[in-house]
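Undergrad: The chain contents come next:
2 protein chains.
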Amino acid sequence: MQANPQSQRVWLCDSSLRDGSQGKQIAFSVADKIDIIRALDEQGIPFIEAGNPSAGPKDVQLFERMRSIPLQNSRLVAFGATRRKNCRPQDDVGLQALLAAGTEYVTVFGKSWDMQVDQVLRTTLEENLAMISDTVANLVAQGRQVLYDAEHFFDGYRHNPTYAMQTVRAARQAGATCVILCDTNGAALPAEVGAVTAQVVRQLGGEVGIHCHDDIGCAVAASLAAVEAGARHVQGTFVGYGERCGNANLSTILPVLQLKMGYSCVAPQQLPLLTGTARHIADISNVILRSSLPFVGSGAFSHKAGMHVDAVHKNSQTFEHIDPGQVGNERHILISEVGGKAALLHSVKKIQPDIKKDDPVIEQIRETIKKKEMEGYQYESAEASLKLLILGHLKRLKPHFKLDMYRIMGEQNSNIFSLSTAIVKVTVGDGWEMTADEGKGPVNALDKATRKAVTKFYPAIQKVRLIDYKVRVVDQNTASAARVRVLIETSDGEETWTTVGTSRDIIKASLRAIVDSLEYKLSRDDGSL
Amino acid sequence: MQANPQSQRVWLCDSSLRDGSQGKQIAFSVADKIDIIRALDEQGIPFIEAGNPSAGPKDVQLFERMRSIPLQNSRLVAFGATRRKNCRPQDDVGLQALLAAGTEYVTVFGKSWDMQVDQVLRTTLEENLAMISDTVANLVAQGRQVLYDAEHFFDGYRHNPTYAMQTVRAARQAGATCVILCDTNGAALPAEVGAVTAQVVRQLGGEVGIHCHDDIGCAVAASLAAVEAGARHVQGTFVGYGERCGNANLSTILPVLQLKMGYSCVAPQQLPLLTGTARHIADISNVILRSSLPFVGSGAFSHKAGMHVDAVHKNSQTFEHIDPGQVGNERHILISEVGGKAALLHSVKKIQPDIKKDDPVIEQIRETIKKKEMEGYQYESAEASLKLLILGHLKRLKPHFKLDMYRIMGEQNSNIFSLSTAIVKVTVGDGWEMTADEGKGPVNALDKATRKAVTKFYPAIQKVRLIDYKVRVVDQNTASAARVRVLIETSDGEETWTTVGTSRDIIKASLRAIVDSLEYKLSRDDGSL
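In order, the protein sequences belong to chains C and B. So the first sequence is numbered by full-length UniProt numbering: it starts at 1 and just counts up by one. So the second sequence is numbered by full-length UniProt numbering: it starts at 1 and just counts up by one.
Calculated from the structure, these hints are not laboratory results. Each hint can be trusted.
A pair holds if it fits inside one copy or across any two, identical chains being indistinguishable in the list.
Here are the computed lysine-lysine pairs in the DSS-like style, where the Cα-Cα straight-line distance is at most 30 angstroms: (1) K402 x K456; (2) K425 x K456; (3) K463 x K425; (4) K85 x K314; (5) K356 x K395; (6) K58 x K372; (7) K314 x K58; (8) K341 x K85; (9) K356 x K398; (10) K370 x K470; (11) K372 x K470; (12) K85 x K357; (13) K470 x K371; (14) K452 x K402; (15) K452 x K463; (16) K395 x K372; (17) K356 x K58; (18) K371 x K402; (19) K58 x K341; (20) K357 x K371; (21) K357 x K58; (22) K58 x K371; (23) K58 x K370; (24) K350 x K470; (25) K349 x K58; (26) K371 x K398.
This is chain C alone, in the form it adopts within the complex (with noise of 0.2 angstroms):
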């Protein structure tokens, strides 16, 4: 142990390919997979658990394809199982997969419990520390860093501490580089995690990992606690993702080391990376990013309350504990009911700089906001519809378009493939256009054709393009009839705005949303926004 924690390295082993891939609602592909390694790899976490490559051809084909990928920071590691039972290691599919993903470090799993040796594996204690011993000693004859991954550490230390000794002793004499404790059922309190962790560093030497799950929601905690404990490598998946409530969140774990605790995790100019790696993980997942996880998600940094706010202008320290910056997140004032004036005042002087803060446009724009707000609108998250009303209450909204009219239509017979046409009528000052488009659905045709109408008169839009579009139900007590809230996320290439659409038709709620959206690009592009 160094004197200084400031120096110490903590080494990040993710393992959202892996164990993160067991959530509910993750499913990835392959080419999904070689994006998440890339955007780890560029993040700088150092251990990447990528795949199991006796699960699937999948697992197998990716590591035959990140053969030829190079990576800068980060090493692949294969994960897999200790040998079967009564079976040489050389005989041990398993094994020979494992091998023959070809990584120079690779994690092996065997069991602590003597309950699960019992009941699960079905074998004796004697066999359970055989099948480690024999595991580790083969792969580092192969040339192989051995992870070894010590399951249901905190349960097999609680009923039988000799046995658990034994078997992560087991592991460590026959090679393995560093000795994992895992909390597999995610159970086990901090203070329990830190006190076992520090007897196991004790006792056995070595480097010392930690693995935690989040059933009781301590993973991070507990994880913190091993660091503080002595354990040096740190597993878990990089926004939370895991079977049950998940695995240890390393984008809170990794800041909380490097800001709050002095250890070193990435390089100084990798943290700011942080926000945007996570954003780019739940992409690729397809899962939306929790708003309110910590560093990273949308409102960690975001403020409502009216006097929080005032003192957050006053002094951020007042009620941030960092600045966003540091982890590539940024301060968002949240506009609602609760919002107080400055909140808003934040807001109108971002389009009219000067104005005063008892204009009386402020209480006429909050008096909108509200009646707004009870038909299902929300602006927390549409800013570009938010910035369109306060330009209007300004009197400075010259809207650049009108549509008159829309129709729309679709058939389908039995389970032939057809598509939605629309008919929409567009005006600009005297002129006018009607068209038709069609696509898949009624909402895409709509979108399709009110674009191509509008495009007549401002070819700027040719650009644009829509990137997100989410639908939510306001008030779920009447279903197919209830208000419906549409959020849709547009791009023109260099920025990305979001406008918002309320209504019980969810077309009709779309198609304010594509107006919105059109408009506020229009608006940016002649200045008046």
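With the hints as your guide, set chain B onto chain C.
TA: Relative to chain C, chain B alone:
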């Protein structure tokens, strides 16, 4: 301190309605708040911080309405600030509003951090101490039990421990019932929270509480550390709502304290209400409960990996830290590509108990699921659709009706409200029914028309209604032309089930889920399922 922690009570205080309402996407009506109070009362939460009577008429109205609504287990608490600087307590409008709420218990918050006194309050350290003393003494003189929230206590203690201690001593000496140490910025490490709380408990005496936020993902662990250090009052919000990253989650803290640490928070018979209470509060809040939430999330006890599912079937302790029924939750076996044969077999056995493990139909079903998942289907949360799929493969599905044709018409002139119209043709054996209906939007129109046509043949369908409707874009890259997945939750008043449909056309996807939902009901009724 009693010798046996078994019998020690920890008092929970829920602030969902006050601190929780600062969360993104949270906006409670007075009726919502009353529903949540009833749910928390039934759950046995002793203190409910219901609102800030100075914040607006909604909270004043809430306290008025609650005077005629008796509670069994909970006490309402009104929340407010200490008096303003340089003002007598009896002249302070905030304190007048707090007293007017008429609750026996009140929470007042005051500043503990010298920097905040200087820069936010802009007054002297002495005046801040007087503000705390005067306010608490005045409330006590009016017969109130005062819970004193020491805002930013841990930041204050870090910068100036002497002054931070003076502030809580001022509150205690003026008669505060409980002094609550608040980690307002949410970034104190659990070890720090434990150590500082132990100091305060020792130096201050009397009842001490804890109030944490989740900005470094440690709110639960820090609250537990404070309890270990002697705190006996824990503030949080039941499903973790709150500003930025949220407040300490009481639905996690409660079962950990009671099941893992031996404290008493609620009566033993109230513990199994936990999952229901969390889901009910999420419903009222119109927020989808995170499936990975510890104890109460729908995925908290779900298993996907083949190997784990096998082990759980052998002995549930192997991968479950408690019996899900203890907190009113249940085990789910997720069906997905990653899921092994054991998980699928478990589902097939529910429909055909005598199926053999090696029946070739199991493999065929797996193949179909894989193919469907490639198209964007997901059966993990749509068990009814999965059951129909299995029934089909077992050659036991007798489709009750066929939707031969549908046609929708939607027209909208400018801003005048108009309805969508749907025409459907349904065939049952030799009979058929063609009908039409109108609705708010095409999905609503189709849902109504389809149910109307099917009801002609099967009157039981009359009782069926859609209770939730969710849309998710599966492939975000192509936005409005992207494939969408629709999940529909349906109820007949007795049972609730979920079905899934995907397509590039939102209407077609919805229709597939609607057809499945009716088919499921009919198959249940005739005994096929």
